[in-house]
Amino acid sequence: MTPALAQYDGRSTLTGAPPFGAPSFPVAIWSPRPSNRGQRERQAIRTWQAGRDAVQSNATEQARRLQRFMLRLRFQKELDECGEPGWIDDAIPADPETIPLALDVAEQCPLDDLGDPYCSFDPDTGDALLEWRFARRRVLILTINSQRKLGYAALVGDNSYSGTKPFAGELPATVMRILQELSAQP
38 MTPALAQYDG RSTLTGAPPF GAPSFPVAIW SPRPSNRGQR ERQAIRTWQA
88 GRDAVQSNAT EQARRLQRFM LRLRFQKELD ECGEPGWIDD AIPADPETIP
138 LALDVAEQCP LDDLGDPYCS FDPDTGDALL EWRFARRRVL ILTINSQRKL
188 GYAALVGDNS YSGTKPFAGE LPATVMRILQ ELSAQP
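Numbering (the numbering used here), first residue to last: 38 to 223.
Please note: incorrect hints may appear among the correct ones.
With a straight-line Cα cutoff of 30 angstroms, these simulated DSSO-like cross-link-like pairs (lysine-lysine) come out [as the list claims (entries may be wrong)]:
{"no.": "1", "residue 1": "K202", "residue 2": "K186"}
{"no.": "2", "residue 1": "K186", "residue 2": "K114"}
{"no.": "3", "residue 1": "K202", "residue 2": "K114"}
What the hints contain is simulated information worked out from the structure, not anything from laboratory work.
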C-alpha cells in the first residue's frame, strides 16, 4: 500500500478551529492502490542523471568555447606584433588566414591534459605555430599553413619526431600518438 496525499483543511468540524497538533499541510493517508514507488524513483533518478549530464555537457562546451576564444585572442595579439615584414630580422609577415586553421588544430588536441599552448607565428614561413613545453625533453611544436599542411616537431624523452602531414579536420595518427606519449609522461 502506498500513501495517497489528501489535504486537511486545518479546522475541526465542531469548533471551526484546528484540533491540537493538527497539521495544516498535505498529510499522507494509506490507500489500497498498488505501489509504483520504485518506478517513480527510477524515473526521478533518470531525470536527475539526464539533467546532470546536460549541465556537464554544457559546462564542457562552454569551457571549449572559452579556450578557443582565449587562443584566438593570443593569436590576434601575436598577429598585431608579427603582421609586418621584418618583425624579427628577415621574418616573413604572419598569415592571418592560418589562425582559424590553428584553432581547429588546437581543438583536436587534448588541452585538458596538455594545457594551453604558446601561440605565435613561424618567422621563416608566416605559418601559425602552437607550442607546448613541459620540461627540457618534453616539447611539441605544431605549425599549419594556409594550404592545410600540418608540420610537427616533438621531443619526448629520448625520442624525437618531425614531419609534415595534410590536415583535413582531424589530427594525423602520428601526431595523436605523440600527444598520447606527452600526456602519459609526468
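> Of the numbered hints stated previously, which ones are contradicted by the structure, given in increasing order?
Replying inline: Checked against the structure, no hint fails, so every one of them is satisfied.
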